[in-house]
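Undergrad: If you read the sequences in order, they're chains A and B. So the first sequence is numbered by the working numbering: it starts at 1 and just counts up by one. So the second sequence is numbered by the working numbering: it starts at 1 and just counts up by one.
Hints listed in this document are in silico derivations from the structure and should not be mistaken for laboratory results. Possibly wrong hints are sitting among the right ones.
Said to hold, decoys possible - Some chain A residues near chain B, calculated using beta-carbon distances under 7 Å:
| hint | residue |
| --- | --- |
| 1 | E303 |
| 2 | A323 |
| 3 | G339 |
| 4 | H342 |
| 5 | M379 |
| 6 | S380 |
| 7 | V382 |
Said to hold, decoys possible - Some chain A residues close to chain B (C-beta under 10 Å, calculated; not the full set):
| hint | residue |
| --- | --- |
| 8 | K270 |
| 9 | I272 |
| 10 | S276 |
| 11 | G301 |
| 12 | C324 |
| 13 | P331 |
| 14 | V341 |
| 15 | D343 |
| 16 | A368 |
| 17 | P370 |
| 18 | T374 |
| 19 | L376 |
| 20 | N378 |
| 21 | R391 |
| 22 | L395 |
Just so it is clear, CB atoms sit at the ideal spot from N, CA and C, and this is done for glycine as well.
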Amino acid sequence: MFVYADHAATTKMSDVALKAYSETAAQFYGNPSSLHSLGQRAKEVLEDCRGRIARAINADPREIYFTSGGSESDNQAIRSAAYAGAKKGKKKLVSTAIEHHAVLHTLKKLEREGFEVVLVPVKPNGIVDVKQLEASIDENCALVSVMLANNEIGTIQPVNEVGEICRRRGVLFHTDAVQAVGHIPVDVKEIGCDYLALSAHKFTGPKGVGVLFAKRGAPLTPLIEGGAQEKNKRAGTEDLPAIAGMTAALEASIADMGRSSAVLKRLQDKLIDGLSKIPHCALNGDRTLRLPGNISFCFEGIEGESLLLLLDEKGICASSGSACTSGSLDPSHVLLAIGRVHDVAHGSLRLTLGAENTEADVDYLLEAVPEVVTYLRNMSPVWRDLQEGRRQYIL
Amino acid sequence: MSLYSEKVMDHFKNPRNVGVIEDADGVGEVGNAKCGDIMKMYIKVKDGVLIDVKFETFGCGSAIATSSMATEMIKGKPLEEALTLTNRAVTEALGGLPAYKLHCSVLAEQAVQAAILDYYKRNNIPYDASKFPDALGEHEHDHGQEEDEE
Numbered sequence: 001m002f003v004y005a006d007h008a009a010t011t012k013m014s015d016v017a018l019k020a021y022s023e024t025a026a027q028f029y030g031n032p033s034s035l036h037s038l039g040q041r042a043k044e045v046l047e048d049c050r051g052r053i054a055r056a057i058n059a060d061p062r063e064i065y066f067t068s069g070g071s072e073s074d075n076q077a078i079r080s081a082a083y084a085g086a087k088k089g090k091k092k093l094v095s096t097a098i099e100h101h102a103v104l105h106t107l108k109k110l111e112r113e114g115f116e117v118v119l120v121p122v123k124p125n126g127i128v129d130v131k132q133l134e135a136s137i138d139e140n141c142a143l144v145s146v147m148l149a150n151n152e153i154g155t156i157q158p159v160n161e162v163g164e165i166c167r168r169r170g171v172l173f174h175t176d177a178v179q180a181v182g183h184i185p186v187d188v189k190e191i192g193c194d195y196l197a198l199s200a201h202k203f204t205g206p207k208g209v210g211v212l213f214a215k216r217g218a219p220l221t222p223l224i225e226g227g228a229q230e231k232n233k234r235a236g237t238e239d240l241p242a243i244a245g246m247t248a249a250l251e252a253s254i255a256d257m258g259r260s261s262a263v264l265k266r267l268q269d270k271l272i273d274g275l276s277k278i279p280h281c282a283l284n285g286d287r288t289l290r291l292p293g294n295i296s297f298c299f300e301g302i303e304g305e306s307l308l309l310l311l312d313e314k315g316i317c318a319s320s321g322s323a324c325t326s327g328s329l330d331p332s333h334v335l336l337a338i339g340r341v342h343d344v345a346h347g348s349l350r351l352t353l354g355a356e357n358t359e360a361d362v363d364y365l366l367e368a369v370p371e372v373v374t375y376l377r378n379m380s381p382v383w384r385d386l387q388e389g390r391r392q393y394i395l
Numbered sequence: 001m002s003l004y005s006e007k008v009m010d011h012f013k014n015p016r017n018v019g020v021i022e023d024a025d026g027v028g029e030v031g032n033a034k035c036g037d038i039m040k041m042y043i044k045v046k047d048g049v050l051i052d053v054k055f056e057t058f059g060c061g062s063a064i065a066t067s068s069m070a071t072e073m074i075k076g077k078p079l080e081e082a083l084t085l086t087n088r089a090v091t092e093a094l095g096g097l098p099a100y101k102l103h104c105s106v107l108a109e110q111a112v113q114a115a116i117l118d119y120y121k122r123n124n125i126p127y128d129a130s131k132f133p134d135a136l137g138e139h140e141h142d143h144g145q146e147e148d149e150e
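With the hints as extra help, turn the sequences into a complete structure.
TA: This is the structure in structure tokens:
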């Protein structure tokens, strides 16, 4: 059996996206910047996509900038707001402890450039503490950046509330909506954000393409120079097939959202209930304020990478926040931020379901995961110590 | 799976000598749960020879595979010879490890030394400290990791 349960990492392109991608590549290969008719036809397709993407998130087409994906969009939004703020003497950037590295690493770089960065903690359920966030905003604040939904534990952040605060306090607001768009309703006006980042491959579109929404009037500085594309804000010939694929994927995901999220929610509930029966484990992130397909657990006494390798042997694609899978010394900053200590954060498992997952997949996961956890615990000296009372259970 | 060599995957999926020796003559435990890997090595010694070796490991695929390979390489060997086991030899026997996983093989070398040192101490056998560079703390458990830096 093969079960792909890593949809937060990336998704398989949908048929409609593939069709739009290949047809656009075949027919509209002109450069949208060219004056001739072939180029102008490509330009029409480009602007048609821009309008459709704008409608999908309730934006104005002039607010849609095509980029290479979520990371670029996050980078550009944050840098643009930071540099605009610095010109007015505002050098404080407020964000949260659970942001994606595209946000955190950009902030870290800006900190070295002389900005003050405040990362607001989250509550144990993985939801940002809005009161503390508001308390961090002062007259020096140039930008607030809070993700819409977390990529590891799936928690949905109170961005509407944050947006309201930012508007009231006159601070620019960026939200990384990469995990949310196409999965839960996203409306830039409702959120009240100045910037929003999205990425096509998270919602069955192609890889390497995304969007930066920047509200009209919000400062925008190009990261890539060399051409007048995207109103001088993003140089480089547009990847039209990818943009067309993204547009088709987004429309299809939104059209199917009601049905798919109900199905995913049911599968998610079954998985969470089933995995919770494993002794000494804990669900990461709020049980209800989370993306419909996200299931994240910590299992005490085992390490995540070996768990993933054994699941892979059983045909299951999953992910983990253990140090060994992150390629760094520490386990996931998100798990640490919700209060998981290193010892248990290493034993994490993330399953993220998509529209093509079935009840049979969930049944198979519920059979395979406990089996692998037990197998690894049986060879773990930590587990033995826990069982024999030489070490205290944390979970 | 191409993250690891076939040999590593073989030892990871079918680890040799997993378990506990209840009446072990020496036990060594190295690493810590905070770093995400702990190796515990149990040895049985007769006439200066390792007649049995078992291990328990909490850790990633390469930690389990190196534990398994290390036990296979020292089982049946005289203590003096087992002490010459290096992390490099374990890594080579496994057909190599990704660079960022090399610390796991250091852990295996340390665990072997720690178990033998425990045996010497339990039996008041005089030992040459220079033969236990890891177990006596000259090498720290090192992930060989550079600063998390873009």
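Undergrad: Among all the numbered hints in the text so far, which are the ones the structure does not match?
TA: 3, 8, 9, 10, 16, 17, 18, 22
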